[in-house]
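A.B. asks: Model the full structure from these sequences, guided by the hints.
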Amino acid sequence: MQRRFISIWFCNLATDWMVRRNPALKDIPFVLVAPDHGKMKVTVANLQAQRDGIYKGMALADARTINHTLHYFNDEPGREIKLLTALAKWFIRFTPSIAVDNNDGLLLDVTGCAHLWGGENSYLTDMHNRLQNFGYNHRLAMADTIGAAWAVARFGKGNCIIENGQHAAALLPLPAAALRIETVITERLQKLGLVQIKSFIQMPRTALRRRFGKELLQRLDQAMGTEEETIQSIIPSELFFERLPCMDPIATRKGIEIALERLLDALCNRFVQEEKGMRNAQLKCYRVDGKIETIAIGTNHPSCNSKHLYRLFEDKIATIEPALGIELFVLEAPVVEDLSAVQEKLFAGNAELNDIGLAELLDRIGGKIGVQNIHRYVPDGHYWPERSFKKATDMNEKITTEWKLDRPRPLQLLKHPAAIEVTAPVPDYPPMNFRYKGKLHSIAKADGPERIEQEWWLQDGQHRDYYCVEDEEGHRYWLFRLGHYDVAKSYGWFLHGFFA
Amino acid sequence: MTATKANIISALRKDILSLQGIRHDSNNSRLDKTIGILKNAFPDNSFPIGVMHEFIVESAEDAVVTNAFVASIVNPLMFDCGPVIWIGNNAVVFPPALKAFGIAPEKIIFIELKKEKEMLWVIEEALKCEGLAAVIGEIKELSFTQSRRLQLAVEKSKVTGFIIRNNPRVINITACVTRWKITSLPGENVGHLPGVSFPRWNVELLKVRNGKPGAWQIEYNAGRFRYNHKIAAIAQQLQQKTG
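As given, the protein sequences belong to chains A and B, one line each in that order.
FYI, the numbering for the first sequence is 1 to 500, going by our numbering.
FYI, the numbering for the second sequence is 1001 to 1243, going by our numbering.
Hints are computed from structural coordinates only; laboratory data are not their basis.
Misleading hints may appear alongside valid ones.
[Said to hold, decoys possible] Looking from chain A toward chain B, a few residues come up when the C-beta cut is under 7 angstroms (computed): (1) Ile-369; (2) Pro-410; (3) Leu-413; (4) Phe-498.
The structure displayed is predicted, hence computed values, not measured ones.
Note that CB positions come from ideal geometry on N, CA and C, so glycine has one too.
C.D. replies: Encoded structure:
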């Protein structure tokens, strides 16, 4: 397919933006200033100020002598780039691949996009009108190469389409500076009387390289299309994504649902063909007013089941605020994994943890109530009860150590041991009775102690001596004494769990 | 002639049971082996699986005992079936201790929630998922409508559901097939051995559809229920004495 590019040049980006923010500034001269070597210097002057003879780099004091009513505002370094990046994100409605060009323009790769607008003319007109409505002075040009589009936007007529294959002819009458080369080279060319591109394009390449360096030749080749040039899009293109532009802005839930369903079907079809499944996905809704609404889902297993994915998204549709309407839907799948082959089971109902039905159930539960509430535990190699197990990172994590079975462990463990009062007359013997939550339990039987030492490399503290005890009613508890039995009574008794 | 009649009647009985939501799989013999004579209380002399069971709990200690009883029943269910989902309100059990009941703790998925409404939704969704061995839910209140929904879900998916109701405000009628109450009993030592003995529970089957409710004293020992007839006899004598 013939590549097509658009270059947009914003002639007065910073001042246009100031006017957009404060319409009162429209017809009065103003400048943006920044400190430079202890002086306030003009960084940008608007058209009215330029007409008065104020130019970039002039000291603010000088400018104020020329026009004592001159308004000035502080300039913020990097503002242009920020503005251009935001504009580039807005431009996603025209093409998925956009790059910021220095700090005064945008480059768009529009290969195969224009027909969606019914031709290049209406495509460019739409773009032009929208930018005009924003109030940005700009010039744009469409051509077969980036270099040609850039040159025509800045040095040609502007706002024009260079037809397929005509870019070389369009370039010839333009000045040498249109080739995106350094000023030093331009000046050297000018000194030799080589003002226009046509005056040196026929010269032998070796001579050009010797006198002006490699860069000139490279730029010339790029503009002519003999050397390929690509743009670095600010939106990293996802390998798996689907777009759905809408004729009219969509503001209803039903509309969003239909769009989502279509996008999912298209994406899942692709997944099935390539034997892949998505682990997470996000739906981006580009609103008419330039905002982007995003909803995202995640799954436990790579999935290409559009019905299931739709159900996951369904709960979140309500969080989208369409406002005046959504004009473009983009569905992206940033994390994609190979789909393990699904084998029909000989005996149904023998689900394992990687069962698809279970994975889909957990996805749904996680989507509704939050993944942080779903846990699976695997053993951890510690004796300290609180550290003897840990949360599994995912459903497929295999256990690395065995569960310990050698010592009795209570079925319920309190998160924080509860302090109890005990009667324990004999050192290192289990207590005779204890009081927990105001109730006195007299101990009928006891086992222990089982000493568990604190792991000093993890945490400071005293050891615990655990006793399993049974009271007269048959309830069983897990008690421990923190620290050594001593006369100073520096130890404490705690209840830590309940046995069955 | 009479033999065929008996066959027809038993076939019809089975049909009625299945219509009532009680199903018998050929593979619940493992479970019946675990529970021993307790199985005689159920229709067809077999523990009903693929239905809802309800447990009433009144104190923190009983809650643990009930969890243990449920775990010991779930263990044989998990043998050739999938994982278990345990829904509770906060860290319900200490996973390493489940190993003592024969359950692989890593095959249990714990879902911890605060709101009863969310819990009910999760329980219902989980019960609809075929291939799970069991779903255990710890909730306080369960209305008849809610229990009916859960029972209908399990009748379709054949998952066994356990609802543990901790200190319910009212013990209302529910659509669950059984209602249990498990409390702990003082253990009895063998001979003169010191220390804590095997856990011993008082299992009350308060309600069972088409079965015989009753109470049993059970000692849990190495994956089996042992029945202590002596204790039962003493309890009966005491009951007779007190009238």
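A.B. asks: Each of the hints needs a verdict: does it hold here or not?
C.D. replies: Structure-based check of each hint:
no. : hint    : in the structure
1   : Ile-369 : holds, 5 angstroms
2   : Pro-410 : holds, 6 angstroms
3   : Leu-413 : holds, 4 angstroms
4   : Phe-498 : holds, 4 angstroms
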